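Protein chains in written order, with my numbering: chain V, 1 to 205; chain P, 1 to 238.
FYI, nobody ran anything at the bench for these hints, they're computed from the structure.
Please note: incorrect hints may appear among the correct ones.
Here are a few chain P residues that sit away from chain V, every Cβ distance over 12 angstroms (derived from the structure) [as the list claims (entries may be wrong)]:
(1) Asp29
(2) Val52
(3) Gly64
(4) Ser93
(5) Leu183
(6) Gly196
(7) Ser198
(8) Phe217
(9) Val224
(10) His225
(11) Thr229
Going by beta-carbon spacing under 7 angstroms, a handful of chain V positions derived as facing chain P [as the list claims (entries may be wrong)]:
(12) Thr21
(13) Ala26
(14) Met167
Computed from a predicted structure; not experimentally measured.
Every residue, glycine too, gets a C-beta built ideally from N, C-alpha and C.
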Amino acid sequence: MRAFHFFMAAVLAAFSVWLFTNENAAAPGPLSPAHREEAACGDCHVPWKGVSEFMCLNCHKFYEETDRMRPSIRFHGAERHCLQCHTEHAPGREISRMDHTLLNAELKCDRCHLDPHDSLFGEDCRTCHGIETWQIAGFRHPPEDRGSCNRCHRAPDSHGHEKFKTMIVATHPSLEGADLGMDLKQCWRCHVTHDWRHLRMMPQR
Amino acid sequence: MFNERRITGSLALLFLGLLMGFMLIRAPDLSGSVPGHLVGILGTLVMGYTLVYPFRKRVLKKKGKQNPLSYHIYAGLTGPTLVILHSGHQYASMNGTLAFLAMVAIVLSGLIGRYLLRNIGRSEKNLRQDAQRMRRELEMKKSQVDRRACTLVLELDDLPELEEGGIAPDRRELDRCEEVVVLARAVVDYEYTLQGFSKTKALFGKWRRAHVYLTAFLFAMIAVHVLSTIYYGLRWLP
Chain V
1 MRAFHFFMAA
11 VLAAFSVWLF
21 TNENAAAPGP
31 LSPAHREEAA
41 CGDCHVPWKG
51 VSEFMCLNCH
61 KFYEETDRMR
71 PSIRFHGAER
81 HCLQCHTEHA
91 PGREISRMDH
101 TLLNAELKCD
111 RCHLDPHDSL
121 FGEDCRTCHG
131 IETWQIAGFR
141 HPPEDRGSCN
151 RCHRAPDSHG
161 HEKFKTMIVA
171 THPSLEGADL
181 GMDLKQCWRC
191 HVTHDWRHLR
201 MMPQR
Chain P
1 MFNERRITGS
11 LALLFLGLLM
21 GFMLIRAPDL
31 SGSVPGHLVG
41 ILGTLVMGYT
51 LVYPFRKRVL
61 KKKGKQNPLS
71 YHIYAGLTGP
81 TLVILHSGHQ
91 YASMNGTLAF
101 LAMVAIVLSG
111 LIGRYLLRNI
121 GRSEKNLRQD
131 AQRMRRELEM
141 KKSQVDRRAC
151 TLVLELDDLP
161 ELEEGGIAPD
171 RRELDRCEEV
181 VVLARAVVDY
191 EYTLQGFSKT
201 KALFGKWRRA
211 HVYLTAFLFA
221 MIAVHVLSTI
231 YYGLRWLP
């Protein structure tokens, strides 16, 4: 019996060593597609120390001057905290998790973001928006009955197409033959402020 | 109010509930985070405490009230419950998953063993006592009856003919013999059942061995999992 126990202990020890030395056995999830093909564990992990920014920068070129970077990554600024935003082995998730609080304070928002307000609120996004959340604290939308939506919002191009009118008639047969020469500044006729997608004139299902 | 059965039942329900929780919720980032690691470390330490019981039993030879099994059971349920929380139901790495499966197998085997073995042990004890009492009674009654009459009780078909011929034993003697025979059959039944219990007990001896082997496997897997985690780097360390 004692010999059997020694044998089992030896088998268990051998299996444990094999498991420890098998890199795939320790992976806490699949690598992101960008790393899957090329990277080996040792490219990012330093034994007993882990992953460091230094290892990332061994492969990824980083320029001090943002203008030398390709536009889509210029927001990186001079920061080198790769691991704060980039996480590997996270199944079902992008390798990048955007954290605006880590960005270069001097960076302009419009280098990455398009202005959906078409400059109606000026050029400096940060006068209204913070970097921790895009929501504007304390902002309350004016009620739609004020009829002044067009001061900030503009009708999309699709509203000018003939198909838009056809669709309205299709969903509201009573308007068949009526003059639909509507003023596209009267957003409030169809839209409500609590949810832009909610349309007053949607047919009852 | 807080008896062992109730505490164990509550802890077992919590463990099984959380184990089934993977159907509802997953937290992939939890296991690698600081709180996740702390919960995992705590769970492992609590599971480590379960080794105190076999150590005291086998090495220090302390049994019964000196070495209560209840603490082993509480730790054996609390530690794995914490480890389930630590896992966040994210079963991605092979060594982590192996450790997890071994842990679940041990807890389930522990629960099954605890209740079946205890109930079988209790029933066997009662049966053995009854069987011994009945055997003593049987031996005593056997010595008081006419063995020839008892042979007749077993072959009652011949009795009318013997009575007709006037050579049948006394009726009261026959009744006493019948009692002995009934008692003997009951003793045989008890002993047969006890034999079955002994076989089941032997089976549980094997179960206990499996519980011990699984424990060895679990702690080996925990060691590999912890070493791998440190080797490849703790994400939350600077």
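Hints versus structure:
no.	hint	result
1	Asp29	violated, 7 angstroms
2	Val52	holds, 21 angstroms
3	Gly64	holds, 26 angstroms
4	Ser93	violated, 5 angstroms
5	Leu183	holds, 42 angstroms
6	Gly196	holds, 26 angstroms
7	Ser198	holds, 21 angstroms
8	Phe217	violated, 6 angstroms
9	Val224	violated, 5 angstroms
10	His225	violated, 8 angstroms
11	Thr229	violated, 8 angstroms
12	Thr21	violated, 10 angstroms
13	Ala26	holds, 4 angstroms
14	Met167	violated, 41 angstroms
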